[in-house]
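Visitor: Sequence:
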Amino acid sequence: MGAYDKACNNTEAVRFIQKYKNDCEIIANQLEVPVEFILAVAAKESRYGQGRIATEYNNFFSMHGPAPLQLSKVHPQGSHDVWVATYTSF
36 MGAYDKACNN TEAVRFIQKY KNDCEIIANQ LEVPVEFILA VAAKESRYGQ GRIATEYNNF
96 FSMHGPAPLQ LSKVHPQGSH DVWVATYTSF
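Remember, this note's numbering sits 35 above the position in the sequence shown when you count from 1.
No lab work stands behind these hints: they were computed from the structure. Be careful, since some hints might not be right.
What the hints assert, rightly or not - Using 30 Å as the maximum straight-line C-alpha spacing, the simulated DSS-like pairs for lysine-lysine come out as follows:
1) Lys-56 x Lys-108
2) Lys-54 x Lys-79
3) Lys-79 x Lys-108
4) Lys-79 x Lys-56
5) Lys-108 x Lys-54
From just these sequences and the hints, can you work out the full model?
Guide: So this is what it looks like as structure tokens:
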């Protein structure tokens, strides 16, 4: 899998980092925070990219709408009071 093989035995976590590390580095640089912070929050909020809001709406941070750079906003399943932002990519 890569350099993270020996550090972590959670294959979902390893795959998530491999897939989204470059995107998270861009965000981390813009916010001037460690990339690990962005990866950790995205992994937790999106269940390693497997959560419904992440897979259906490309929303890895459970951002409520309206939100910066959103494509649109939708009501998540079972809620008519909350709006969730949708995005074209991570």
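Visitor: For every hint, state whether the structure bears it out.
Guide: Now for the hints, and whether the structure bears them out:
Between Lys-56 and Lys-108, the direct Cα distance comes to roughly 26 Å. Compliance with the 30 Å bound is thereby established for this hinted pair. For the given pair, Lys-54 sits about 15 Å from Lys-79 by alpha-carbon distance, which is consistent with the 30 Å threshold. The hinted pair formed by Lys-79 and Lys-108 meets the criterion: a straight-line CA distance of about 21 Å does not exceed 30 Å. Distance hint between Lys-79 and Lys-56 is fulfilled; the C-alpha atoms sit about 15 Å from each other, no more than 30 Å.
About 25 Å separates the Cα atoms of Lys-108 and Lys-54, which keeps this hinted pair within 30 Å; it holds.
Of the numbered hints listed earlier, not one is contradicted by the structure.
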